[in-house]
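As given, the protein sequences belong to chains A and B, one line each in that order. Taken in order, the first sequence gives residues 13 to 165; the numbers are from the working numbering. Taken in order, the second sequence gives residues 233 to 415; the numbers are from the working numbering.
No wet-lab data here; the hints were simulated from the structure. It is possible that part of the hints are untrue.
Counterexamples of contact, computed for chain B against chain A with all Cβ distances above 12 Å [as the list claims (entries may be wrong)]:
| no. | residue |
| --- | --- |
| 1 | R321 |
| 2 | Y370 |
| 3 | R405 |
Cross-link-like lysine-lysine pairs, in silico, DSBU-like; alpha carbons within 35 Å at most [stated by the list, open to error]:
| no. | chain 1 | residue 1 | chain 2 | residue 2 |
| --- | --- | --- | --- | --- |
| 4 | B | K406 | A | K145 |
| 5 | A | K93 | B | K335 |
| 6 | A | K145 | A | K124 |
| 7 | B | K335 | A | K124 |
Glycine included, each C-beta is placed from N, C-alpha and C at the ideal position.
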Amino acid sequence: MPAPEVVAALRTRFSATPFALGVELPATELLTALRALRDAHGYRYYVLGTGTERETAFEVLHAVRNLESGDTLFVKVAVPKDAPEVDSIAFVYAGAEWQEREIWDLFGVGFKAHPDLRRILMPDDYPGHPLRKSFAMDTPWGYRPAPAPEDAS
Amino acid sequence: MAGETLPIVGQTTAPAGGGTLEDIAEEVVRFPGGGIALLRTDALFHWAQKSSMWPLTFGLACCAIEMMATFAGRYDLDRFGMILRPTPRQSDLMIIAGTVTIKMAPRIRTLYDQMAHPKWVISMGSCANSGDHYRNVYSVVPGVDHVIPVDIYVAGCPPTPEALLEGVFALQRKVMEGNRAGA
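Between the sequences and the hints, there should be enough to build the whole structure, so can you do that?
Right, here's the structure in full:
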């Protein structure tokens, strides 16, 4: 459970909607809210970032932690499917850089002003973003290398 | 040394055919102080190849743990002349132990191409054999035989050290017969 006073402070300053693990924020307030969490509330440690695909939108979820109190707070932001792009928080939390690369790789959610937005898990020439629901999972990914040269035995 | 058997070190019974010189020689002429063995050179070479098979280990997943156990003291593949090599240049057997991802597949191909002839491949475990339950996963090659030719498939998830040993013996029999998938 996140600290109630932090959630309350976020609700007064931002248009934050609380849920069980933290708050949901509009994309425009993501950077300022995370800066406030880091500088004013002591959430200096970036735990994880992950993505989800919902019916209507992608969700990007960042977890940050206050190491003094041990409190973890999740910050959720909805990303529209027709323009899947959201602000990168890699300049606020350096640890988010690779996590955002992973979300980009698997979900195809772009991050504005990310320092190095490349694929991190899949090969560079991989077609598509495999954790999207539109990705054809029933088609086996057929790896076909170049035919082996004929060797003299 | 006439008629003297040449046992595979540490092995009481030869698991793969042709453990002794007499097994592969067509004729052994014995006379005091020496002897002459008449045999085909390819039989001699096959016998040498299967008796000193140096594997390039390719541990990709949990099968590698069983492979390490097979090389460790209790099962001790050293008994069969198998010494792990860290480089493909000195290896003639590649043990693919684990799930082959499409990102790893070109590396496997490169290392296989760097091995000198003759060379063999053991595919260890269900993932390397067919992809197993990762077969239709977006990142997995459905079987390492899409990438390189495979001689022996060892079944299991993961295979026990005994199963890998049996695969090695099967490969040794195959080498004695002169068959290779890599050709």
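Cross-check of the supplied hints:
no.	hint	verdict
1	R321	holds (16 Å)
2	Y370	violated (4 Å)
3	R405	holds (18 Å)
4	K406(B) x K145(A)	violated (46 Å)
5	K93(A) x K335(B)	holds (28 Å)
6	K145(A) x K124(A)	holds (23 Å)
7	K335(B) x K124(A)	holds (27 Å)
Checked against the numbered hints above, the structure breaks hints 2 and 4 and satisfies the rest.
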